[in-house]
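Q: Whenever a hint applies, use it, and build me the whole structure from the sequences.
2 protein chains.
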Amino acid sequence: MTNNSYRAAGVDLAAAARALDAIRVAVTSTYDDRVLAGLGSFGGLFELTDLPERPVLVASTDGVGTKTMVAAQLDRVDVLGHDIVNHCLNDILVQGARPLFFLDYIATSRLSPELIARVVTGAAEACRAAGMPLLGGETAEMPDVYRTGELDLVGTIVGVVGRNEIIDGSAIREGDVVLAFESGGPQTNGFSLARAALGGRYTDPLDPADPDGPTIGDALLVPHRSYEAAVRPLLERDLVHGLVHVTGGGIPGNLVRVLPEGLQADIDTTAWPVPPIFGAIRRAGEVSLQEMYDVFNMGAGFLLVLDPEHAAEARELAGEQLHEIGRISRGTAGVTLDFPDED
Amino acid sequence: MTNNSYRAAGVDLAAAARALDAIRVAVTSTYDDRVLAGLGSFGGLFELTDLPERPVLVASTDGVGTKTMVAAQLDRVDVLGHDIVNHCLNDILVQGARPLFFLDYIATSRLSPELIARVVTGAAEACRAAGMPLLGGETAEMPDVYRTGELDLVGTIVGVVGRNEIIDGSAIREGDVVLAFESGGPQTNGFSLARAALGGRYTDPLDPADPDGPTIGDALLVPHRSYEAAVRPLLERDLVHGLVHVTGGGIPGNLVRVLPEGLQADIDTTAWPVPPIFGAIRRAGEVSLQEMYDVFNMGAGFLLVLDPEHAAEARELAGEQLHEIGRISRGTAGVTLDFPDED
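Chains as they are written, first to last, in my numbering: chain A, 1 to 343; chain B, 1 to 343.
The set of hints was computed from the structure by calculation and includes no laboratory data. Among these hints, one or two may not hold up.
Said to hold, decoys possible - Cβ-to-Cβ under 8 Å is the rule here; a few derived chain A residues that face chain B:
| # | residue |
| --- | --- |
| 1 | 22 |
| 2 | 25 |
| 3 | 48 |
| 4 | 59 |
| 5 | 107 |
| 6 | 150 |
| 7 | 166 |
Stated by the list, open to error - Simulated coverage check for chain A against chain B, where a stretch passes if three residues somewhere in it have a Cβ under 8 Å from a Cβ of chain B:
| # | segment |
| --- | --- |
| 8 | 65-73 |
| 9 | 132-143 |
| 10 | 212-221 |
Said to hold, decoys possible - Now the in silico label distances, taken between C-beta atoms and shown as ranges:
| # | chain 1 | residue 1 | chain 2 | residue 2 | range |
| --- | --- | --- | --- | --- | --- |
| 11 | A | 144 | B | 174 | 41 to 47 Å |
| 12 | B | 129 | A | 53 | 58 to 64 Å |
| 13 | A | 260 | B | 129 | 49 to 55 Å |
| 14 | A | 143 | B | 21 | 34 to 40 Å |
| 15 | A | 47 | B | 49 | 14 to 20 Å |
| 16 | B | 204 | A | 143 | 22 to 28 Å |
| 17 | A | 260 | B | 49 | 44 to 50 Å |
| 18 | B | 331 | A | 75 | 25 to 31 Å |
| 19 | B | 315 | A | 164 | 47 to 53 Å |
| 20 | B | 288 | A | 37 | 34 to 40 Å |
| 21 | A | 291 | B | 129 | 28 to 34 Å |
We put the beta carbon where it would ideally sit given N, CA and C, even for glycine.
A: The following block contains the structure:
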């Protein structure tokens with residue numbers, strides 16, 4: 001197989017040609033002067049400019065899990081491109097890195113140029129929004145490896161941060177507050193549990209009392225948000241002690257990764273609004289509250305840890321609502337979750 | 001899902017613990033001073049040092065295709081780690097880039113820590129041989145996406161080259177020779193065709209006259225070679241006009257990508273030894289000679305295009321046999337293959 005190919009062997013219809021053209025247009029729409037696209041035809045060349053002092057590359061590879069299955073079933077695969085790009089952006093943002101470029105890999109049971117075009121177009125939109133070229137990609141058709149109609153989507157991001165500007169949680173201290181950005185939904189985590197709990201009832205209304213309102217599928221497929229634009233001004237003002245992308249493992253599994261030895265975080269689960277989709281999953285699958293918080297972000301997609309004196313400035317710079325959901329104290333309990341008394 | 005996790009949810013046996021320990025040991029064995037592993041626990045930090053003038057990052061994402069199926073069936077998945085790393089190394093070598101770091105993604109129907117450990121250990125060995133850290137990775141278990149027992153393996157490499165040292169084929173001129181490194185087998189390309197042709201007879205002897213000799217499976221699973229060490233000295237002496245990694249599309253599909261306008265390459269297919277596995281595939285599947293050369297590397301895994309006056313020096317620096325397989329001439333025929341008269 002060959003990088004940057006997006007070839008669709010064995011498919012030679014006019015629709016395929018249009019799809020391949022749409023892919024080319026989408027990918028090149030993300031290019032800027034740093035992409036040396038004219039040099040050779042193997043692609044993937046990115047000139048490093050404006051490097052910080054002592055530049056450190058930050059790289060991350062990830063997938064979107066079985067959100068692919070829900071998106072494919074509801075014919076909404078375009079959201080997956082946004083999901084994988086924004087997920088990766090957040091994964092390097094937690095260390096303070098700004099994005100340089102992105103690569104994708106799409107493998108399916110049967111290559112459909114139209115499907116690839118929809119995923120890549122979504123990815124290219126998210127890349128453009130982040131000012132990050134979609135530098136390369138690969139597609140693979142493997143009917144003996146993938147179940148019929150299924151796909152996997154993998155993204156890799158490379159970013160850069162100055163060695164002295166890396167955020168790693170070591171600045172977190174007693175008395176700091178934990179602020180949360182809203183997620184709007186499960187983003188790309190917990191879909192195996194969500195699918196098992198919901199049993200495929202994606203076209204049912206999310207709120208039985210509002211049959212014309214959003215469906216369960218609409219709520220599940222809310223795209224993964226990028227927190228880059230909202231968090232960047234706080235990094236530039238050096239306000240942040242720790243950053244957390246709430247992915248698999250939920251708040252406890254991810255916040256604990258930045259806590260210095262001897263400090264714990266006490267989270268009040270009533271301090272932010274939990275989107276209704278989580279209640280729907282919980283009721284449908286009779287999932288315990290503890291498991292819900294251990295698997296899903298529960299509406300808190302990205303966390304900031306900072307000095308309470310800077311909370312007001314952080315809110316202003318972020319330009320959106322930030323919920324104060326917890327405090328850092330001395331202790332060895334890791335992350336504690338305070339639930340209401342209902343469970 | 002979370003980067004760098006290698007978590008094995010739901011598996012808590014002693015064997016799993018040993019496998020996870022083996023993964024940790026293998027991954028950290030690839031680290032050097034450039035990996036900032038102590039900073040935070042999200043991983044994936046690589047300090048840029050010794051940059052060339054006008055540094056250009058070269059990145060590539062790729063998979064190993066359905067070689068995974070043959071390796072899984074023969075219980076030889078360790079080879080896949082070597083395959084993906086070396087494939088990626090060659091993919092950036094064609095532009096003159098030296099490797100910086102590598103990331104992997106392994107997804108299966110059912111996460112087995114032992115299987116992941118074997119793949120990652122192979123990848124770590126290949127990374128160490130290339131002086132390149134295995135900076136991060138991700139595993140995913142998706143039984144509803146992957147067929148039972150199947151896996152996919154995706155690698156991403158990032159390397160660097162000075163802007164003025166990029167090899168892109170533009171230096172290729174009339175009269176240049178094409179030299180070929182041997183591959184030893186199909187490497188990671190053409191496994192869908194090979195599997196269809198061979199019908200699963202992997203344990204049969206490759207040579208029916210030598211029942212104790214290598215099997216068809218042995219020949220298929222010869223690891224993908226890295227040509228980095230052999231080619232690097234030629235790049236340092238500025239001997240090379242064009243480089244070609246012979247992957248999907250074979251010699252014609254890949255050599256054509258570096259040919260400047262108005263030049264063609266005429267290849268003599270009798271000029272290098274074709275490993276017996278290709279004859280076995282061809283006979284078993286009644287595949288035409290043209291299709292064989294359009295799909296497989298046919299024993300020529302990596303090509304150099306250079307001035308014939310430099311061929312002797314190139315052979316000496318490479319330290320191994322280089323077969324002169326063709327010439328560059330004026331013309332618009334692209335890549336022509338001269339077959340013997342048997343087909």
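Q: Going back to the hint list, which numbers does this structure go against?
A: 1, 2, 10, 12, 13, 17, 18, 21
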